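Model the full assembly from the supplied sequences, consistent with the hints where possible.
In full-length UniProt numbering, the protein residues as written are 1 to 384.
These are computed hints drawn from the structure, not numbers from a lab.
Where hints are given, some of them may not hold.
Claimed, not checked - Here are the computed lysine-lysine pairs in the PhoX-like style, where the Cα-Cα straight-line distance is at most 25 Å:
| hint | residue 1 | residue 2 |
| --- | --- | --- |
| 1 | K288 | K234 |
| 2 | K122 | K134 |
| 3 | K288 | K314 |
| 4 | K288 | K248 |
| 5 | K145 | K122 |
| 6 | K134 | K94 |
| 7 | K145 | K126 |
| 8 | K91 | K379 |
| 9 | K105 | K145 |
| 10 | K383 | K122 |
| 11 | K97 | K145 |
| 12 | K105 | K94 |
| 13 | K122 | K105 |
| 14 | K145 | K379 |
| 15 | K383 | K371 |
| 16 | K91 | K371 |
| 17 | K383 | K346 |
| 18 | K383 | K97 |
| 19 | K94 | K383 |
| 20 | K248 | K314 |
Computed from a prediction, not measured in an experiment: that's the story for all the values here.
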Amino acid sequence: MDAVKFILIFYSHIPQMEVQTPVRLPLKSQAKINIFSNDHIAWLNYLYHSNDDKNAHESYSIEPPSNSTLQSLTVECQLGQGAQGDIYLVKSDKSQKYALKACPKNKPLASSKSTEVLNEAKILSKLDNPFVIKLFEQFENENYKSFLIEFCQGGDLLYHMQRVLQQGQQFSEPSTKFYICCLILAIDHIHQQGFVYRDLKPENILLGEDGYPKLCDFGLAISQSELNFKTCRKQCGTREYFSPEIVKRDIYGKEVDWWSLGILTYELLFNETPFQDDNIFVANANIKTKEPSYFGRDDISPEMIDFISQLLSKDRNNRLGNNGIEDFIRHPWLDNVNWEDLEQKKYPCPFMIEGASSSETHFFLEEYTQKSLDIQLVKEIIKT
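Following this line, the structure appears as C-alpha cells:
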C-alpha cells in the first residue's frame, strides 16, 4: 500500500471535533415512576384494538405569554446546563411555566456555538408539530441571547430508560412502539419542512406534562439543501447513532435520521445500542458491516425485528422511511396504529408523570434545581 493511500484510509477513520459524545446522566434515586400503570395497560389494550380507553388521555396546550418581555418573567430555578448555555424554569405573569435557554455572548466557546444557537432558533421557528418542542420568543441584550421555549416537565427519555433499567425492567414492545410512532411523525414533519435533524438520541427527547415525547436541541439540524461533500465530510451527532454513510463521510440526506430511529428503537428494547464498542475503529467497522443481534429478547415480534432491520439497512437507498410516512403506514409492525388519533394525543402514555402537580422539577437533576440562583447573573440575563 503506498503512503498516500494509507494516509487517506487512516484519515477517514479519525473522529473529528464535530463528534458529540452523549453524557449519561446519573439517576435520581428518589424519583418515582409507575412503569406498569393503568395508562400502560390502556396503551396495551389500545394497540390490540380495544376501544375502551381511546379517550382516556386529556391533552394539554401551552400558550405564549401575553406580555412577552424578559422582565415579565420570573426565574424559578435552573433546570440544566448545556454547551450553548444554561436553561432555567421561568413563569409568566399568569403563572404559565416555560423554559428559558440563556446563551452567553462573551464567554469562551460562545462564538463557536453562536452558529448552532442561531441555527436552532431559525429551524424551530419553522416547525409546528405536537412532538417537536415549541419556541415562543427570542430575546437579546448585550450579554445574552435567550429563547423562551416549551417546558417539558417529565425530563428526558434517557432518565426514564435508566429508571426502568435500575428497577430490573425492560421497555415492552407496545411502550417502545408508542414513542417510536410519535417520533416518526416528528421526524417526517422536520423532513417535510426541508431539514435533517442529525442528533436523535434519548437525551434529546423530552416528556411533556402529558407524557408525550418532544424532540429538542436542533443545534446540529441542517437544511437538506446545505448537505454537500464539504458538510458531509464533517462527522456530527453522537457516535453510537452514526449511520454507515456518516462513518464513511459519504454524501447523505434525511435517511440518516431513519437510521438513528432504528438505533433508538433497539436501545429502548435492549438498553444498549447495537454496534457500540469502546474501540472507535471496531465500532465504525460494526456500523458498516455488522448486523444487530436480537439475542435476549424472545418476547418481541418478528414484525418488530423486521422494522428495526429495515431502518438499519446499510444501503441508505433501501432504508425504511425514504418514501416518508407511507413507508411506516404500510409496515406490518405499525398496521394497527391510528396515526390521526396519535397526532391528536388520544393515546394513553406508557409513563405517568407522577408528582407533576406537586413538584415541577421532579424529573430534573437536583444539582441544578436545588442550587441557589445567582441573582446578579439572573439580572444580566433578563436585562433589557
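These are the hints, each one checked on the structure:
1. Proximity of K288 to K234 is assessed by CA-CA distance (about 18 Å); at most 25 Å being required, the pair is judged to hold.
2. Taking the CA atoms of K122 and K134, the gap is about 12 Å. The hint holds against a cut of 25 Å.
3. Between K288 and K314, the direct Cα distance comes to roughly 7 Å. Compliance with the 25 Å bound is thereby established for this hinted pair.
4. At roughly 8 Å between alpha-carbon atoms, K288 and K248 fall within 25 Å of each other, so this suggested pair holds.
5. At most 25 Å may separate the alpha-carbon atoms for a hinted pair to count; K145 and K122 meet this at roughly 13 Å.
6. At most 25 Å may separate the alpha-carbon atoms for a hinted pair to count; K134 and K94 meet this at roughly 19 Å.
7. A distance of roughly 19 Å separates the Cα atoms of K145 and K126; the hinted pair therefore holds under the 25 Å criterion.
8. As the CA atoms of K91 and K379 are separated by approximately 15 Å, the hinted pair is consistent with the 25 Å bound.
9. With a C-alpha separation of about 7 Å, the suggested pair K105 and K145 falls inside the 25 Å cut-off, and the hint holds.
10. Note on K383 and K122: the hinted pairing holds, with a Cα-Cα distance of about 23 Å set against a maximum of 25 Å.
11. Among the hinted pairs, K97 with K145 is consistent with the structure: their alpha-carbon atoms are about 20 Å apart, no more than 25 Å.
12. At roughly 30 Å between alpha-carbon atoms, K105 and K94 are farther apart than 25 Å, so this suggested pair is violated.
13. Distance check on the hinted pair: K122 and K105 sit about 18 Å apart at the alpha-carbon level, within 25 Å; holds.
14. Taken as a hint, the K145 and K379 pair is honoured in the structure, with Cα atoms around 14 Å apart against an allowance of 25 Å.
15. Taking the CA atoms of K383 and K371, the gap is near 22 Å; set against the 25 Å cutoff, the hint holds.
16. Restraint check for K91 and K371: satisfied, since their Cα atoms lie roughly 18 Å apart, inside the 25 Å limit.
17. The hinted pair formed by K383 and K346 fails the criterion: a straight-line CA distance of about 41 Å is larger than 25 Å.
18. Restraint check: the Cα-Cα separation between K383 and K97 comes to about 20 Å, which is no more than 25 Å; the hinted pair holds.
19. A hinted pair counts as satisfied when its Cα atoms are at most 25 Å apart, and K94 with K383 qualifies at roughly 21 Å.
20. Only pairs whose Cα atoms come within 25 Å are accepted, and K248 paired with K314 is accepted, the gap being roughly 12 Å.
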